[in-house]
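K.L.:
As a plain string of letters, each chain reads:
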Amino acid sequence: MAAVAPAIDERLEAYADLTVRVGANVQEGQTVFLNTQVEHAPLARAITRAAYRAGARYVDVRYRDEHVRHAMIELGPDAALTHSPEWMKLLYHAMEGEALIWTTGDPEPELMNDLDGERVGRARMKEITEIIRHQMVERSLNWSGVAYPSAGWAEQIYGESNVERLWEAVAFCTRLDEADPVQAWRDHMARLEGRGKALTELDLDAIHYTGPGTDLTIGLNPNARWMSALFRTRNDIEYVPNMPTEEVFTTPDCRRAEGTIRSSRPLVLDGDIIEGLQFTVKDGKIVEVTADKGAGIVRGQLEIDDRAGYFGEIALVDGTSRVGQTNTMFFDTLYDENATCHIAYGFGIPEVFDGDPGEGMNISNVHTDFMVGGPELAVDGITKDGTTVPILREDVWQLD
Amino acid sequence: MAAGLARIDRYAELIVQVGANVQPGQLVEVIARIEHVDVARAVARAAYRAGASYVDVGYSDQHVRRAMIKNVSEDLLSWTPPWLLERVKHFGNVNAAIVALTGDAEPELLADLPGELVGKARMKEIGEELTRQTNEGLNNWVVAGVPNKGWAAQLFGEPDVDALWDLVEFCVRLDEDDPVAAWRAHVRKLGARADRLNDMQIDSLRYRGPGTDLTVGLLPESRWQGCESVTANGIPYVANMPTEEVFTTPDARRTEGFVRSTQPLVLNGQIVKGLEVRFENGRIVDVRADVGADAIRGELAVDERAPYLGEVSLVDGESRIGQTGRVFFETLYDENASCHLAYGSAYAEAVEGGVIDGVNVSAVHTDFMIGGPRVEVDAVLRDGGVVPLLRENIWQPTH
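Residue numbers (numbering that gives the first Met the number 0), protein chains in the order written: chain A, 0 to 399; chain B, 0 to 398.
To be clear, the hints were calculated from the coordinates, so they are not data collected in a lab. The model shown is predicted, which means the values in this text are computed figures rather than measured ones. C-beta atoms are modelled at their ideal positions from N, C-alpha and C, and glycine is treated no differently. What you were told as hints is all true, and nothing was included just to trick you.
Covered stretches of chain B, going by a simulated chain A footprint (3 or more residues, C-beta under 8 Å):
#1 30-43
#2 48-62
#3 75-83
When the alpha-carbon atoms are kept at most 30 Å apart in a straight line, the in silico DSSO-like pairs for lysine-lysine are as follows:
#4 LYS119(B) with LYS88(A)
#5 LYS88(B) with LYS88(A)
#6 LYS125(A) with LYS88(B)
#7 LYS88(A) with LYS123(B)
#8 LYS88(A) with LYS69(B)
Here chain B stands alone, though its shape is the one from the complex (with noise of 0.2 Å):
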């Protein structure tokens, strides 16, 4: 990385070297809505720097989506362009490296319209074509945070843009001397933490703590992931920035017992506070929350098979977004703070085999932290021998 760029210089060059990973001659899509051009500009310039061919921002804006929804006939809701179609397609053709940038600048812009046309408004044929390219690893691509005045305000309860930048400064690494050196040394030590729990030969894990008593099992298919993904044709790239996980694909058959959020959840503009959940052969039988808990229970019933395991992921106290001791409203940062879990839809890449029996398939899927220090995480191994994972936030394996 060049010395002397500018912060939002050095955030970009980071997105694009370590996270999207962009190689020469390669063509550059970004998604971005119209709050976020400084960070989309500066991505453009680091993408060329890196030897794109082409970089082509798409900008959206929720105001445009906005009269839309409040507009257009109900057929045409889930409407999808053709152009814009044709150029998802395209994107995937060429095996493009994608930039998405996300931090809402007007989280509750929607708030007043019905929430049905609200949810009924998603190109479909775009969300089919991405799930193919993303199970043909056909891209590769990053999720980055863009600090923003209505992010900052929902944080702050100021727009206080500096101060989140600050934070995200932080948490994406860009404080140290040298952040790509940096990123490489984390992706490393999260690949080796993967790896020797692959080693383990784990059958479940235990948690245990305030209002949690919990076991997941695991598949003998099982994978556990750092936070490196490689695209079908070789190419490695960092998904999340920022990201602190290892994280696998549970035996969606094989979850018993309770356990207590740690953590607000942010639930389709909601917050859910307080949520305790019970399971009973792998299925949530029991949501309790002090707030919230219907916009949970909405959720579980949008199909069959939404209230089983979907995701087990462990984020110890190192991590950096747990260290601020923030919630930041935003997915992308807070399923990183923490040990979570996730119910419904798995990922089949974190499965030797795919989508195989136990490995759960649903159009939901949402975490919700369950880490912290006073949370105990045990991995019970199918030898009978029980190994500590994390004890007051540090982990506990060494080689």
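The shape of chain A in the complex, shown without the other chains (with noise of 0.2 Å):
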């Protein structure tokens, strides 16, 4: 009997090669965890076989089931919320050296809406999060993300459920749609090395930002490089954590911030939306949040750890980003913040530090990105002598 191999679509192929080959670069022999939800399965697929095609030795696949956590949150124990199967934290352990890749698009964006808040907040594995965290600070395993178009992510930001029209942007914004993506991205990651290398060299003091709303210094580390989303493991493994990715960062100083700033877009946070985000900092610290709408969410994470408050990442993105040219906001971070000029506060970015990061890298639990860049936002760095040297006017990146 003739049996009927699987259909396979050519673009979704070429997507899981490109996140296997230049996204996580999943090494001849290595093990691949991938970490995705049921409905992204065509895509788990594709990575699958993406990356048994680069010469892994295993991938486990893990499913995870954004309903059977609603069921958790609406009805289980409260112990439940932040239990971390013992298995789970075996699995974790066992990344250790070898690739991960995860998948995002949520499917049902308002999943959650009908829960208590507070609960959603809560449910949370923290020990998985501490493992992953500690993998990430020793830059023991090479990861990398990508987002899965499906019919709820694309009515809620077409407001229709037209997933070519998603799939479309999500192929421009990783270069799928050029001739040979995988050299488009090795161009597009060396520009972005430039950018960070100049900066580096500035060897500046502090990052000045003024726009409406805004007026914001944020000293940087002396011992933090500016660099783009091309990682290395300690092995020298060189992958790119995010795809798309359009942004050159460092952590700043986490001691030294002052002034005011206010987001240039929407930031969404499990799941809610939090409108006309404005921060007041002094000290280094979140001293006072305000918003149009969902300032409690906000200040909610900021008491999750007492250092959540303090920022640990700055990045710039200027007016060439594909993600920014879609003018679309898709409520997802992985995209979002690679539109425009965003800050973190949380968790700083270990890999911009050679050696021990010391007490300049902020240590937290959360890690939240929210939107600052825009044409009416300038940027300034200020170098240790005081001079002003420009870095973005109008969108337009002036060191280049």
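With the hints in hand, could you dock these two chains into one complex?
P.N.:
Pasting the structure below:
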């Protein structure tokens, strides 16, 4: 009997190849851990095939199901909310030295809206997060995240479930529309690497943001580099943790930030949308939060631990960003943070330091990016001798 | 069961309350394919409503398995990732409740791969651990079917999932006003049947019908079982939904005669039709079939004890599966359609004293149907008396 081999979607396979070869950069003989959700099965299957094509030793796929999580939050006992199963700890420990790929793209953005927000916020596998955080600090795994276009996500973005339209946006942002996407990514990352080097060589003392509602100075760490999202494991495997990526970034000195900053785009947090967010910052710490909508959610997050209210990342993105060019609010950090300049409160980025980060790097269980960029924002560097160097004006990069 | 629930939630309630019988505070494992999400989610909700401490749903994906079989080195085919073994062990150690969902969405997905590799691609250590847990009675568990397009297409030639849902609903008594009460009555009925058979002191069973004249000897220690099992901790559960049988373990040395199967049988992706088998001194010595005899012969060659009987099971015409007149291409359903035998391994729990002489042990266990209106089943008692058990598919013994 002739069996029918499963139909192959060329674009999906190419996307999966890009994820595996450029994103996680899976090495021959590595085990690949794929952290995905049931609605992403077509992409998960394609990534599994692509990983084996790239020489993976074994691919372990874990499908999570947000409806099961919904049931837990709605109906389960309190202890279930933070339960980290032992076997899952073993799984995450086993990732050391291996490759990890995760998928995003929320098929049902409003799924948790009917639940008690406080329980939703508490429902986190803290012990699992700590294991992952440790591995990132140790730079012991090559990993990447990619989005899967779904009907629900398209509906959220466009108000209609036009998956093909979203696919085209994703293909544009991830350079899948190029004749040779892998080469296009190499060129793109080389350009961002060049920007990072130039900023590092300026040896800046601080960054100054000015714009409507914004006048903020953030101190930089002398031992931190500016870098692009071209990461290296401690075994020198180069990988791109986010696809797309358009940013150059560093971890600021968490002790030195003063002024006010207004977010230029809505922020999506735990399924809620925060609009008109504005922070007042004193001695490095966010001391006041206001928003047109959703300020309480941000305040709640800032209370998760006592270092949540300090900055962990500043990132610069100009108008050449493909994500920015789509003029689309994706409601997904992976995309939205690459549309424009952003800042994150919470955990810093260990990769930007040579050696021990020291006390300048913030450590927290939180890391939330909020957008501050746009044509009205001016970004300047301030050198150690007090000179001002323009970096961004009207979304145009000033240093190229 | 709460009134006004959707069909899928009523099904989940039944699986959780009657099948696995989830206890307050219990950890619950759900084993599912990604095509089973709707029922898996409903089971998670029902389990939390029943007081589960945590519901851990593990989804597997046959497409991922296909890629694995095609690509991994041979020594990894039967490899068990340590975290998955830890997961299974943990569920045993804490006496979790287990819900396993079946219903193959793409029955032919692996058909073009070398059969030998597909056969090897089993996580061996997990299989061994599960056998241990079952033998020690650590978990209350249930297997239940999930209607899906692929399974429906096998039955109807078209992916009519609604029609399959209607059949499943009937077979698992979801069409009753109070399915939980209907199941309690059903469990009692089969339990009483098993008790009655145990009281009879049966020496052997005799089957007569077209192409069939077979005697199956029992052990003095053989114990008939209804559909309710009990864990080592005393939690009752119903391991299969649906279930219609009373069964026991025969004396593997004492089967004589010939038998004609009354329904097609699905074996390793092949359909066997018109199966006829002859026994001598307990052993299958001749196999014929209109289609697929080699699939049976191949399996009987797996080990020395494969051609001996391991199970004898009685089902009457009240069986809802039998009443549908359908072949479901799914053992969970088909074995409950009518009387059946299984060659290969026996159930130690159906024998006083466990694995004693005469209890068959093999790597194989395959059920084939031998019942129907034209098959008469008698019990030959130890004192030589003969008691009719089934005539025209009607259960004969009364109290």
